[in-house]
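Colleague: Listed here are the chains, written in short residue letters.
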Amino acid sequence: SQTIHQWPATLVQPVGSPLSLECTVEGTSNPNLYWYRQAAGRGLQLLFYSVGIGQISSEVPQNLSASRPQDRQFILSSKKLLLSDSGFYLCAWEKLLGAFFGQGTRLTVV
Amino acid sequence: AQSVTQPDIHITVSEGASLELRCNYSYGATPYLFWYVQSPGQGLQLLLKYFSGDTLVQGIKGFEAEFKRSQSSFNLRKPSVHWSDAAEYFCAVGARSSASKIIFGSGTRLSIRP
Chain V
1 SQTIHQWPAT
11 LVQPVGSPLS
21 LECTVEGTSN
31 PNLYWYRQAA
41 GRGLQLLFYS
51 VGIGQISSEV
61 PQNLSASRPQ
71 DRQFILSSKK
81 LLLSDSGFYL
91 CAWEKLLGAF
101 FGQGTRLTVV
Chain H
1 AQSVTQPDIH
11 ITVSEGASLE
21 LRCNYSYGAT
31 PYLFWYVQSP
41 GQGLQLLLKY
51 FSGDTLVQGI
61 KGFEAEFKRS
71 QSSFNLRKPS
81 VHWSDAAEYF
91 CAVGARSSAS
101 KIIFGSGTRL
111 SIRP
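Those sequence lines, one after another, are chains V and H.
Take 1 as the starting number for the first sequence in this note's numbering and just add one per residue.
Take 1 as the starting number for the second sequence in this note's numbering and just add one per residue.
Worth flagging that the hints you see were computed from the coordinates, not collected in a lab.
Please note that the accuracy of each hint is not assured.
Taking beta-carbon pairs under 10 Å as the criterion, some of the chain H residues facing chain V (in silico) [unchecked claim]:
#	residue
1	Y27
2	Y32
3	F34
4	Y36
5	Q42
6	L44
7	Q45
8	K49
9	G53
10	D54
11	F90
12	K101
13	I102
14	I103
15	F104
16	S106
Computed Cβ-Cβ distance ranges for the label pairs, DEER-style [claimed, not checked]:
#	chain 1	residue 1	chain 2	residue 2	range
17	V	T108	H	S111	17 to 27 Å
18	V	Q2	H	S52	18 to 28 Å
19	H	R113	V	R106	27 to 37 Å
20	V	N30	H	E15	38 to 48 Å
21	H	I60	V	R106	24 to 34 Å
22	H	S52	V	P18	37 to 47 Å
23	H	S80	V	S77	43 to 53 Å
24	H	P114	V	R106	42 to 52 Å
We treat Cβ as the ideally placed atom computed from N, Cα and C, and that holds for glycine.
Just chain H, with the same shape it has in the complex (with noise of 0.2 Å):
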């Protein structure tokens, strides 16, 4: 079955530190691979995606994530976070066929410590 697993619910890093999400996944096959963030009380914005080529992708607000086949894992990571990118981030994977959905991990909510 296709699942989608972020096994922390909730992390704390202080401002500036670097940030590491982790994301899993079981897929029948080769998958797309997204990294949401939503804001309290709004709608779900995509950071990045992964769908070919170059593993290691970039994408807004300076996250980025790596593709990892042989872990199914596809973890997002800054280098430097900053108050604002506390939020709620959600890992989501879905196929390459228009007749497939996306399915959403349970999320991850970040707090920073000033």
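If we strip away everything but chain V, and leave its shape as in the complex, we get (with noise of 0.2 Å):
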């Protein structure tokens, strides 16, 4: 059965500290995977979207990055963080058959 998995759960970064959220999805191959944000009582904001390694869509401009070294393997990044990265992130993956989320990470930037 696929899992996925995301880490860490909690982190509390000072601004201008740099940032790496990681994926990874076991069970499965080639799935499309996602990062989202979540702020406090708002809904889900695609943030990143990748069909295949290498292969990255921003949906939004802003101060985050994210890379596919691997087929299974989605990392979110910052050089520096803002106070206004803070919020709950979820990645997620998918194909064809609905998306399934990792429990989130988390992010309060102080």
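Two chains, each in its own frame: build the complex with the hints.
Modeller: Structure below.
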């Protein structure tokens, strides 16, 4: 069966520090991968979308970047965090069956 | 443009009452449709999905949804809600293509009145 791992679960980082959130999927190949952000009390904002290794679509201009170095690995990064980067970050995989989500990372930038 | 609209930001219903959460979509082709539920601080869990066939689909936790092509709607229903159903609910739409992304609505927060 397919599983998705996302870590860390919580993270507190100072403004200006770098960020790396990792997401890996098991049990499937060539999935579509997503990074979403959910601000407090808000819906899901699609940040990045990938249909294959090295193929990244950015949905909104921002301080973040994403990479897909391997088929089942999706990384969300920032060189310098801003206060506005705080939020709940969700990774998901999808392959015509619906999207399946990780448990999320609560990022607080202080 | 593809979009999903959940017109109700927040709904409160009494425990034991029936529930209907609205979802309307705009999509160029026949879509795949989904409902997800998110408990506080958690990821999203798939409740049910519609691909083709019977337009009334059954999901987990006693939920069902009906696809109405003429109304471009995919409303979620439950005959009798439980306090544990309090959560955020998201409608989503996708295309029948591996290269297309799933689009989510803005969510409806459901509160249950004791």
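Colleague: Failing hints, ascending?
Modeller: The structure conflicts with hints 1, 9, 10 and 24, although it agrees with all the remaining ones.
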